[in-house]
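Asker: Sequence:
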Amino acid sequence: MSYRKDQGRYARMAAFWALLSLMAYGCFHGGGLSDLVDGWLGASNQVFVDPFPILKTLKTSTLIALGVLAAIALIIHGILNSPKIADTLIDTEAELMKVTWPSWGEAWAGTVAVTVMVVLLFVFLTLADLGLTKVMLMLMGGA
81 MSYRKDQGRY
91 ARMAAFWALL
101 SLMAYGCFHG
111 GGLSDLVDGW
121 LGASNQVFVD
131 PFPILKTLKT
141 STLIALGVLA
151 AIALIIHGIL
161 NSPKIADTLI
171 DTEAELMKVT
181 WPSWGEAWAG
191 TVAVTVMVVL
201 LFVFLTLADL
211 GLTKVMLMLM
221 GGA
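Counting from 1, position 69 in the sequence shown corresponds to residue 149 in this note's numbering; the numbering is continuous, with no gaps.
Derived from the structure by calculation, the hints contain no laboratory data.
No experiment lies behind these values; they were computed from the predicted model shown.
Misleading hints may appear alongside valid ones.
[As the list claims (entries may be wrong)] Here are the simulated distance ranges between beta carbons: (1) Y105 / T180: 30 to 36 Å; (2) G190 / V148: 42 to 48 Å; (3) K178 / D115: 44 to 50 Å; (4) D171 / L207: 46 to 52 Å.
Built from N, CA and C at the ideal position, the CB exists for glycine as well.
I would like the entire structure built from these sequences, with the hints used as guidance.
Answerer: Quick look at the structure:
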C-alpha cells in the first residue's frame with residue numbers, strides 16, 4: 081500500500097520518539113552503554129567538556145554512546161518507515177481518529193465510580209473474611 085508522507089504522521093512520530101527515548105535511557109542512565117564504555121576505556125577516556133549540559137561531561141565514552149544512539153535512530157527510522165510497519169501505524173492512527181473520547185467530566189465520574197466500588201468491595205470482602213475466620217475458629221475449637 082502506498083501512502084502519502086503525512087499519513088500516520090503522529091503515530092509514526094510518537095513511536096519513533098518513544099523508542100529513541102528508551103534507547104537513550106539505556107545509553108546514558110547509570111550502568112548504561114556510556115558507563116560500560118567508560119569502564120572499558122579506563123584512563124584513556126579523554127574529557128572534552130566538563131561540565132556538559134544534560135550528560136554531565138563530554139568524554140570519549142559519551143561520544144561513542146552518542147554515535148551508537150545516532151545509528152540506532154537511523155535504524156528505528158528505517159524500520160518505522162518500512163511499508164508493513166508504516167501501514168500498521170497509519171491504520172492505528174486512522175482508527176484512533178474515529179474514537180469518541182470522553183470529556184474530563186465523564187472521565188472523572190467514571191474514576192469516582194470505580195474508586196467507590198473498589199472501596200465498597202474491599203470493606204465487604206474484609207468483613208466477610210474476618211467473619212469466616214471467626215466461624216472457622218469457633219468450629220475448630222480455637223476460640
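Asker: All hints are to be evaluated individually against the structure, with a verdict given for each.
Answerer: A quick look at each hint next to the structure:
1. With their beta carbons about 34 Å apart, Y105 and T180 fall inside the hinted range of 30 to 36 Å.
2. A beta carbon spacing of about 44 Å between G190 and V148 agrees with the range 42 to 48 Å that was offered as a hint.
3. The hint said 44 to 50 Å for the Cβ distance between K178 and D115, and at roughly 45 Å that hint holds.
4. Distance hint check for D171 and L207: the Cβ-Cβ separation is about 49 Å, which falls inside the suggested range of 46 to 52 Å.
In terms of the numbered hints stated before, the structure departs from none.
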